[in-house]
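A.B. asks: Heads up, the sequence shown is in my numbering, so the first residue is 190 and it goes up one at a time.
In case anyone wonders, no lab produced these hints; they're calculated from the structure. The C-beta atom is built at its ideal place from N, Cα and C for all residues, glycine as well. Some hints could be false.
[Claimed, not checked] Computed cross-link-like contacts, DSSO-like style, restricted to lysine-lysine with a CA-CA straight-line distance of at most 30 Å: (1) Lys-297 / Lys-215; (2) Lys-262 / Lys-298; (3) Lys-262 / Lys-206.
[What the hints assert, rightly or not] What follows is a list of derived Cβ distance ranges for each label pair: (4) Asp-307 / Glu-194: 30 to 40 Å; (5) Asn-255 / Asp-307: 15 to 25 Å; (6) Thr-244 / Ala-270: 13 to 23 Å; (7) Ala-259 / Lys-206: 25 to 35 Å; (8) Glu-355 / Leu-210: 13 to 23 Å; (9) Tyr-214 / Glu-272: 35 to 45 Å; (10) Lys-236 / Met-283: 18 to 28 Å; (11) His-340 / Glu-217: 27 to 37 Å; (12) Lys-236 / Glu-287: 36 to 46 Å; (13) Ala-259 / Val-374: 18 to 28 Å; (14) Tyr-214 / Asn-255: 31 to 41 Å; (15) Glu-355 / Lys-236: 19 to 29 Å; (16) Gly-328 / Ala-216: 24 to 34 Å; (17) Leu-375 / Asp-211: 14 to 24 Å.
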Amino acid sequence: MSVIEAKKALRTFIRKKERTLDPVYKAESSEAICRHLLALDEYKSAKVVFAFAGTEKEIDTSLFMNETIAGGKTLILPRCAAEHAIDLCVVRSMDDLEAGAYGILEPKKSCALVTAADIDFAVVPCLSFDRKGRRLGQGGGYYDRLLPQLHCPTVLICREQLMSPEVPVEEHDMRCTMLVTEKGVLTPEA
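Model the full structure from these sequences, guided by the hints.
C.D. replies: This is the structure:
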């Protein structure tokens, strides 16, 4: 099986597993993950923080986003752009968000743009990750393009029940520097 086929099979498996998760567990794990993020020294020292507005199948990041704004940090969220790229947009309040591509909340067109070099700390979505910090994304390539541009701590967030023993990788896939589940913070294995 090729790496592409293995990723596709793992995505199917993880998506099926996600649909079976208890809603209470999903809510509690989202809150715990957000609290772990907020407690990280790397987050506390950051001034410009990248995150994402999670869908109902992802981690609910609203607590993290609201605390970031309330704490006086600059919150950056992605907006889908042409050719599987993302614009990096400053969000000053949740009122700056609207339903965008794929029904995902994203910044309005009126939000100011920044570059990846401006970001001090990045929270990156995934379907799953393994203990080596290898990420399984949705398959669109958006974060494959963004991650090489980031020169800051990159943190994958995922529910413990959706972690994988091993995520298949291609040459362009980048590992992230930190992993967070509801149980705590993990440093990727070598």
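A.B. asks: Against each hint, give a clear statement of whether it holds in the structure.
C.D. replies: Right, here's what the structure says about each hint:
1. In summary, the hint linking Lys-297 to Lys-215 is supported, as the alpha carbons are separated by about 28 Å, within the 30 Å threshold.
2. Straight-line distance between C-alpha atoms of Lys-262 and Lys-298 comes to about 21 Å, which keeps the hinted pair within the 30 Å bound.
3. For the given pair, Lys-262 sits about 35 Å from Lys-206 by alpha-carbon distance, which is inconsistent with the 30 Å threshold.
4. In this structure, Asp-307 and Glu-194 meet the distance hint of 30 to 40 Å, their C-beta atoms being roughly 37 Å apart.
5. A hinted range of 15 to 25 Å for the beta carbons of Asn-255 and Asp-307 is consistent with their spacing of about 21 Å.
6. Between Thr-244 and Ala-270, the C-beta spacing of about 19 Å keeps the proposed range 13 to 23 Å intact.
7. Against the hinted window of 25 to 35 Å, the Cβ-Cβ separation of Ala-259 and Lys-206 comes to about 34 Å, which satisfies the hint.
8. Judged by the Cβ atoms, the range 13 to 23 Å given for Glu-355 and Leu-210 holds: they are separated by roughly 21 Å.
9. Remark: the range hint 35 to 45 Å for Tyr-214 to Glu-272 is upheld by a beta-carbon distance near 37 Å.
10. Between Lys-236 and Met-283 the Cβ separation comes to about 20 Å, which falls inside the hinted range of 18 to 28 Å.
11. The hinted range of 27 to 37 Å is satisfied by His-340 and Glu-217, whose Cβ atoms lie roughly 34 Å apart.
12. Look at Lys-236 against Glu-287: about 26 Å separates their beta carbons, and that is not inside 36 to 46 Å.
13. Between Ala-259 and Val-374 the C-beta distance comes to about 22 Å, which sits within the given range of 18 to 28 Å.
14. Our hint of 31 to 41 Å for Tyr-214 and Asn-255 is violated, since their Cβ atoms are close to 22 Å apart.
15. Our hint of 19 to 29 Å for Glu-355 and Lys-236 is violated, since their Cβ atoms are close to 36 Å apart.
16. As the Cβ distance of Gly-328 to Ala-216 is approximately 26 Å, the hint placing it in 24 to 34 Å holds.
17. At about 23 Å, the CB distance of Leu-375 to Asp-211 agrees with the hint of 14 to 24 Å.
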